[in-house]
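*Asks:* Residues per chain, in single letters:
2 protein chains.
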Amino acid sequence: MDYKKTGEMESISIDDCDDRKLAETIIATHPIPPFDKSPYDGFAIRSLDTANASQHNPVTFKVTEHIGAGHRAQNAVKAGEAVRIMTGAEIPYGADCVAMFEICQTYEQDSNHFMTIKRTIKPGQNIIIKGSETSQGEILVEKGTRINPGVKALLATFGYAKVKVVKKPVIGVIATGSELLDIEQELEPGKIRNSNAPMIVSQIKRAGGEPVYFGKLIDDFEQSFEAIEQAIQHVDFLVTTGGVSVGDFDLLPAIYEKLGARVLFNKIGMRPGSVTTVAEWNSKLLFGLSGNPSACYVGFELFTRPIIQMFLHDNKPFTQTIQATLEEDFPKPNPFTRFVRAKINYRNGSVYVRPAGIDKSAVVTSLSNTNALMVLPGGTRGFEAGAVVDVLLVDSLSGQETFSISHKKVKRQI
Amino acid sequence: MDYKKTGEMESISIDDCDDRKLAETIIATHPIPPFDKSPYDGFAIRSLDTANASQHNPVTFKVTEHIGAGHRAQNAVKAGEAVRIMTGAEIPYGADCVAMFEICQTYEQDSNHFMTIKRTIKPGQNIIIKGSETSQGEILVEKGTRINPGVKALLATFGYAKVKVVKKPVIGVIATGSELLDIEQELEPGKIRNSNAPMIVSQIKRAGGEPVYFGKLIDDFEQSFEAIEQAIQHVDFLVTTGGVSVGDFDLLPAIYEKLGARVLFNKIGMRPGSVTTVAEWNSKLLFGLSGNPSACYVGFELFTRPIIQMFLHDNKPFTQTIQATLEEDFPKPNPFTRFVRAKINYRNGSVYVRPAGIDKSAVVTSLSNTNALMVLPGGTRGFEAGAVVDVLLVDSLSGQETFSISHKKVKRQI
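These protein sequences, in sequence, are chains H and B. With the UniProt record's numbering, letter number 28 in the first sequence gets 28, and the count goes up by one each step, no holes. With the UniProt record's numbering, letter number 276 in the second sequence gets 276, and the count goes up by one each step, no holes.
I should point out that these hints are in silico values taken from the structure, not numbers from a laboratory. Any given hint could be a false lead.
One copy or any two copies: either way a pair holds, since identical chains are not told apart in the list.
Straight line, CA to CA, 16 Å or less: simulated EDC-like cross-link-like pairs of lysine to aspartate or glutamate [to be verified]:
(1) K343 - E10
(2) K164 - E142
(3) K205 - D19
(4) K4 - D15
(5) K162 - E138
(6) K164 - E184
(7) K205 - D18
(8) K267 - E186
(9) K162 - E184
(10) K332 - D110
(11) K167 - E257
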C-alpha cells in the first residue's frame, strides 16, 4: 500500500458508466421533489374551503383544470375552485392540499365539472413538499463509489449526462513457462494449456481494471527480460505468473535484478502462494504471482485487487471479510495460514462455509465454484466443523477499509 | 414462469466470455494432470535403487539429464541414474519417484554430475499421477453456470477457445410520462428527469440481458401505442415504466387492450410496486413497471430478473434469498408485504439487515446504497429490532431454484 497509485479522472457518458467508480462526489443539483407535488390522483384545493365540510354539509368545488404529471395549471386556484390533478403533478398556485379521488364525488352540469367533499382537509395534506426528500446541495454519493443501478438513477435525476469516473488502471498480463500451450493448441507431451493468463484477465476485469495480455514466454532469460521490460512501459501495473520460485528455470528473480526493480517481498507465510513476489520499478508495481493456478488466484485477490481498488479511489479497497462457521472438518495440518477456496451458504441468519473442492494447490477445477476464500490460521493440525473462521468474499462488490484476518487460534482446532 | 422463454446458443471467443452463461456442460477433455508430474524440484529416480540407502550407506546416482516444466527427458532412467527435474515437469520413463532437493547432495566430477541420497524413497513418492485430480470425461461445470474467473481457467485448461454461451435476451426499455425530461435537459417547471430508464438499463445489464432503449413517450395514446407496437417487434421482452396505474393519463391498460395483449396480472399485494403489470403478447412478456423509482426497481428485481435468468438457462433463476436479523425497529404498519431497500451487514457469523434510507416510495436517493431488499410480511403494525426477516440479495451472483419468502408472521412484530 506504500506504493499505491491513484488513477486520473475521465468524463464519460452516463450510458457507459455502469460498474465504474465515481471520481467525484455527487451532490443534489436541485431539491427533490423539485416542486410541491401530489402523491395521489385527486383534486388540488384550498384547505380553508373545506373548513365547514362535513357529512351533513357537503362543500362543492368547481373543477377549473385537469393536469397530469408534467403539466402545470394555467391559473391559480381560487376560493371554491379545484384542479383535477394526477400523481406526480405540480400543486397549482393557490392550492395547499389534495383531496384524494376516494373521498370526492364528481358530477357534470351545463358542461361544467364539479366536485363535492364531505370532510375537512388539513393544510399541506397530501402534498410532497419541494425538497422534503433531498435538499439542494446534499451529498448523495461519495467519490470512489461503484456505480450500481441506484447510483445511475441518481446521476440521471440530477442531470449528470457526463459522469466523472476514475480511469481504469491498465494492467499487463504475462504468463511464463516453457510448458505452456495456447488455448487453441492440441496437448503435447509434458505440456499444459495456459489457464492462468485468461483467469487473471478475468480477475482484473472483475476488480475494475483494464487487462492487456502480452502473451506467454518460454523460459529464456534474454527473451523474457526484453518482453517484460517492453511491457512495463505501457501499463500501470504488471502481473506475471510463474517463474518466481527457486527452480533452475525460474527467471523472474534475475529479471527483477537486471531491471533494477526493488523486490518488496518474495516469500509469504501462507498457502497457497508462498512464492508470491511483489517488486517496484519506476513507481510501478510488478506482481510476480505463482504459476500454480490456485496460488495465482489467491495471490491476485490478496495483493493485486486491493491495489486496483486504491487506484480507483475506493476508500474500502480490501476484499470484504466476514466470519462464518465451518460446515465440515478440515483435517489438514499446516504450519502456515491457509487460504482455502470455499463456498458460503446462509441458513437462518447465520453464515456457513465449506471448502469448494479438493484443495491441492495445483487443482484448477475447484476454482470454478468458489465464491469465497476461507482463512485457516497456521500452526494447527486442522479444524473441526463448528469452528468460526474468517472468509474473504471474492464475489462481493463491497469492500472494507483494512485487511483484517484473525491470526489467533480459533476454537475447535484439532 | 409459465411464459418463460429460453435463449439460443452462440459460440464466442473465450476472450469475450466473462460473466456470460454457459450453454453447454463443460467436461474434462483430458485427464488432469495430463501426465505423471513432479510437484517439487528434485531428482527423478527408481525407488528400487534407494532400497539400501541410509545415513551410513549413502547411495550415489549419476545425473543424466536436466529438465524443466514443458520439457521431456530424452532417455529412460536406468539403474543408478537420476534426472534433475523441476516442478511441473513430466516424470521420465523408468523413474517411479522424486527425491526432493532438500534431501540430496550433489557434486561434480570429471564434468559429470552426481547426486547422493541417504534414505529410501517409496514407489510413487512425490509424483502426481496422471488423472489424479480430474479424469477425462468428468463433468466440471453445468450448463447455465455464469463464467467467473475460475470457470474461465477451466475452459482454457481444456482447450475451449470457442465457448458456447446463451444469447443474451434483447430487452426493450420505454419510459412513459409527459413529465419526463432527458438527462441533459435543464429542469422545467412541473417536470423531472427520466431516471427510471437508465436505472432499468443498468439492472438489465446486471442481470445479463441486452438492453435497447427506445426513448421516452409523452402521454398521448396514438403515439404511445405505435411506439410500443413497433418496439415489441424487435425485442424478446419489453419493459415500460409508468402509465400502469388508474390515473387519467395512464395509457398502458388501453394500449395492452388495443394490442390484444393478455394481461396476466395488474395488481399485486405488495409495497412498493402494487400496480406492477405483466402482459403477454405473441409469446413475448411485457413488463409494465410502475413509474415510481422504487416500485420500478423492485418490480424489475422480482419479476423481470428471474425471467432473464430463465432465458439464460440458469436453473437457479430466482434472486438469492437469505434470513437476517433486523438491526433497527421498522415501526411502519402495512397491510401488504413490503420490500424495503436495505443493506446487509455481517458480524460474528451472523447476518444483519437495516433499511438503506428513508423508504418513501418516490425517493430515489436510498436506492444507491442498497445491496438487498428486505421482506416484511404484511398485516402487521411494524417490526422490532431482533426480528429475523427474509432478504433478497440483489447484488449477489448466486441464484436459487424457487422463490421463497415467508409470509408467516415473524416474531418481534409490533
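*Asks:* Against the structure shown, which of the earlier numbered hints fail to hold, in ascending order?
*Replies:* 1, 4, 5, 8, 10, 11
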